[in-house]
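Each chain, letter by letter, is given below.
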Amino acid sequence: MRRIISILMENEPGALSRVVGLFSQRGYNIETLTVAPTEDETLSRLTMTTTGDEKKIEQITKHLNKLIEVVKLVDLTEGAHIEREIMLMKVKATGAQRAEVKRTVDIFRGQIVDVTATVYTVQLTGTTDKLEAFIAAIGETQVLEVVRSGVSGISRGEKVLSL
Amino acid sequence: MEMLSGAEMVVRALQDEGVEYIFGYPGGAVLHIYDALFQQDTVNHILVRHEQAATHAADGYARSTGKPGVVLVTSGPGATNAITGIATAFMDSIPMVVLSGQVRSDWIGDDAFQETDMVGLSRPIVKHSFMVRDPRQIPEMIKKAFYIANTGRPGPVLVDIPKDHTAPHNTFPYEYPKKVKMRSYAPVTRGHSGQIRKAVDELLKAKRPVLYAGGGVVQGEASQALTALARKLNFPVTNTLMGLGAYPGSDEQFLGMLGMHGTYEANMAMHNADVILVAGARLDDRVTNDARKFCPGAKIIHIDIDPASISKNVAAHIPIVGPVKQVLEEMLTMLDEQGEVGTDTKSLERWWQEIAGWRKVHGLRYETNEQGPMKPQQVVQALYKATKGEAYVTSDVGQHQMFAAQHYLYDRPRQWINSGGLGTMGFGLPAAMGVQFAHPDAVVACVTGEGSIQMNIQELSTCLQYGLPIKIININNQALGMVRQWQDMQYGGRHSQSYMESLPDFVKLAESYGHVGMLVEKLEDLDGAMEEAFALKDRLVFMDIYVDPTEHVYPMHIADGSMRDMWLSKTERT
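Those sequence lines, one after another, are chains A and B. Following UniProt numbering, the numbering of the first sequence begins with 1 at its first residue and continues without gaps. Following UniProt numbering, the numbering of the second sequence begins with 1 at its first residue and continues without gaps.
This is chain B alone, in the form it adopts within the complex (with noise of 0.2 Å):
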């Protein structure tokens, strides 16, 4: 058998386990693992400028593959820079595995230099970790973390190494596990039968149903399965801030986002249905509104692969614990065993009806004025405009996130990335970087915010060390935007810090980093920027876009109210 020390270990693990790319940063503690990368090329290092980002950044490289994410840090700062993006990624339930330094063994506990208790503190925001007690474990450790990360509901496993476990001059015989058996751990393969089959029968029976799918039915690679069956039954869908692609956006059928910032049509449709299919989806406070007020009428059929996510904020008449696509294609399955698909098409088509007087109320519309600022909706319509809406589009957090959640439709799963349960702000520019890395090809936009850039703006300098074509979108109001927003709305217009004073010049920031910078402040000038940043096709554009800093966001859920209680506009609502 081959002997290897414990930081070669390392690397032959992410080798077999077909890793091509890891996001990481050197130090003290993990000099043995880059030493041994150094020595080999076939798993790619990608050096980033902050740790955060590299969370970050293997954690688009995740979405947008459906591949986990590989991160290696150092220990101390190091690791706790990680920490923001490891709960990014554990929120929103993304398959990613973080090896971390740590001082040597015997040193552990010492208030060593660059010690920190990296299991501890991220325990509550991964899904495992484990700490390598003897290198001799490192294979199987590996081998159970990339796992325990990628089956049943996703999220981040952390591995942390201390450095004596990775010295060179010990070498052990390596083999990599070929399965992983674990007693203590063996995730659902398939829905009940039974309860898939009373699912099918309450949906047959819905007078105004709506399927309401999430983030499950991206990462559960379920996207077929819920379009056929929408299409087969009929039915409208909605789909969640972490679903948006999971059914295609310009289909008929589709009514937009749900939730806090959802359309007026799903969120109607959504209080006012009789049965509900919700599809990997949580049922969190920014859908629901006040849980107890929650669309009082409906039957609630609850697909989740994890059993923790039913009943939690909303009661399941029908619970069914699988995968997703797998329940889902059962359900194809019966209905197609049962020939005629037998759905209540009369009461279909007053639903329907019903449907499209919301959708005249058109909850999306804004008003637009030719003298005054451009608007970020605008912006947004000219980004799918000029991406033909075949895009992948990252997200920073708060107001442009929600334009470009409306505005933006998406027909793919996997094509919308942004931190939906965390809500990280500086999520977008390292996410896109994941995203451009795994799909080189592609074209890759960020749409951010002046106040979320900033907060990992250094990865422009990764961007120019690997090549990587970028499009910036920075939806700049000169204001924290969503906050400013909710102060206006409930704190009598007091701005408190929520405005940003002495902004950089993106421009000029941008070209001191080595790429393109372009300002755009009137609006007859949108488009043709837009498409002249898009032709640079090697080239990272970073477009400081100004638009109107009073504009808000709507709809909005009015608080504690319930699905259909909603702002329309800062003057009317439901």
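Just chain A, with the same shape it has in the complex (with noise of 0.2 Å):
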């Protein structure tokens, strides 16, 4: 199963390679990570995706819990949560295609960020799946490049994973 996991760390040298250390050592899987220092510059925000199964997941949020500079850690996908991720994507954009690339990212809700003759940069933010379905709703022969961050999340509501 797919899990989202937010973590917040010491913002220290090091603490990153801890957590990343510690997935390839124990054979864990990730398959999305982003890290960015949070409004209080002594704690990262850390968000990764990763799958298992009830056990495993457990084993991870145990061990990860346990790397001293780990403060608090959050399962995001046990309760109501706010996904995102942000796609740079540049799609070739000439003739005909020009104007069906553009419909494809106004039905996304994307836009387009930088525009040369042939080519157009899109911006897409979304779940996962929403941007997998926007890659494949292009079509794989259109895109020249992809960037994507990784996933970010919240909770829903009043819950805060804070100090």
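No lab work stands behind these hints: they were computed from the structure. Fair warning: there could be bad hints in the mix.
To be verified - Over the 12 Å line for every Cβ pair with chain B, so calculated as not near, a few chain A residues:
no., residue
1, Leu-22
2, Arg-26
3, His-63
4, Val-74
5, Gly-95
6, Val-115
7, Ala-117
Unchecked claim - DMTMM-like, lysine to aspartate or glutamate: derived pairs with alpha carbons at most 25 Å apart:
no., chain 1, residue 1, chain 2, residue 2
8, B, Lys-181, A, Glu-78
9, A, Lys-55, B, Glu-349
10, B, Lys-143, A, Glu-12
11, A, Lys-66, A, Glu-78
Virtual Cβ for every residue (Gly too), placed ideally from N, Cα, C.
Take each chain as given, in its own frame, and dock them per the hints.
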């Protein structure tokens, strides 16, 4: 099962390598990983998506919690949450395709953020599913380059992950 | 405030931490620290002959005292040589602080002479690590290192110190923190009372209970509580390899060690149990055999300070996260408060009868041959007799380790010192040094084999320098016994690289290092030789004892089976 694990950790050199190292040394899988400082510059917020059965996820969260620099951790998929990923994509935009690409971008509520005579650069935000649906809709032959941020997430409602 | 250099702060912090001994080896990156060490005499530096031995000696010191072992090594090869010892301590949850030198900070990343990324290299085998980025951080980092190493589930902590941060000409105000507070690290101090209550109720209902105690009971100083609980409930106890001594080995309620080379009665009792209280153990593969077939009828109550150890290999019905001592003591209090103990005494009586039947099988028996070579088990039994069961026994890894675990009965926690999790050959002699430093008047024996001892034989020189009267019991079967046993059992007897050609003359070797060497080849000489060796109270004696190379360790779990599936000899199985 796919999980989104969100971690608040000390913003210290080497902290990220401990998280990543843990996954490789225990044979866990990281699908996406995104990390940046929070409003409190001593803390970083790290979000990762991973897959595994109940037992594996339990081990992952326990081992993450054991890392000395991990302050708090939440499995966002346990409750209602919002997940977002941003994608930048360069697509071929020539001839008839130019209008077609524009229409598809509009349908997905994306934006064209850079234009040349032959290329559109598209920005799209949403869940992983939505981004993948867009890639499928645009057709692989059109795609020149894709960069994705990885998933970020936050829980719905009053619940917060903070100190 | 006092002004100190980085190097002086390192040494002063160790003093303030109450460190008696540090084990190490000098080199370029730590010369400032060595110079500061030279100018004081509270912290005693022990010069080993190889950095791996420094870590094992610090480890032996820690295992036998409960205090963190401290290591000081230089950058590059000094640090990498320490890796095996750090991993050994990590696997067995031993508190240790390793100070490693690093090249000067502005050279890091430039492939400087003797540079290696020690924080990176050691990351998977330390509880935590620090890199000093400013000399002002030194006191706090060292304080935190000791705090982290010695609380919660203990483990090794590394502090990597670039050379420029210890330079003598730069001084800084020094104050050693009295307390540590870390928002991201708060080890549990109490188990959940509701869970403990549930566990007690389950124990009282048990008809076929077993108490299964591991190294956590030794590390967590919970032996008294465990013993009191076992006596109060009249339950049988089994210890893991790491837990030997947690419950007195010569006690009637003790079933012996469990697991791959556990006793027949311990493994049978586990398999047939209805309630198992796992205390400070992690149900590892050397204990459970195939985890899916593990103790099918048992409810598992699992106490551990590390939540990640619970339900990792075997699901726990009643998990209790907490210090094992506090949890066991709370159980005792609950039992005291309800007055009458209230166990199912009739069922327990039947259970003890069943256990008595298994004991009769006597899985630790072995065949002796008056004419033939000595048996390794006889050597361990002779050692037990000669030391009246009171010695600290360290061991290396292999058959001799299992014989020492099975045939020496450990009545005290911290008496048995071995590398259980990592299985590090070369551990025994340096560990014995650490034990002897910590307990200068105690009898310390290192049970080893001709394979293992050669992995850190150079430490005979350290032993001479510091006059350590360790007794080395070299059970010499002229083969890598455990490897050979597996080759006999699973590889059609093809002894690929498992025998030792061109062994040294260990007697002469010991003598050339300035020690006493003894050769024992006949059983009739064994007891006398042991007595003679242990009478030499101020000398290291290397006893080279030739034994039967064909002997196997039994019982032995049959791979992929359950706890009750065992070979009892070369021909009999359950």
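Inset, instruction - Enumerate the violated hints, using their earlier numbering and listing them in ascending order. - result: 1, 2, 3, 8, 9
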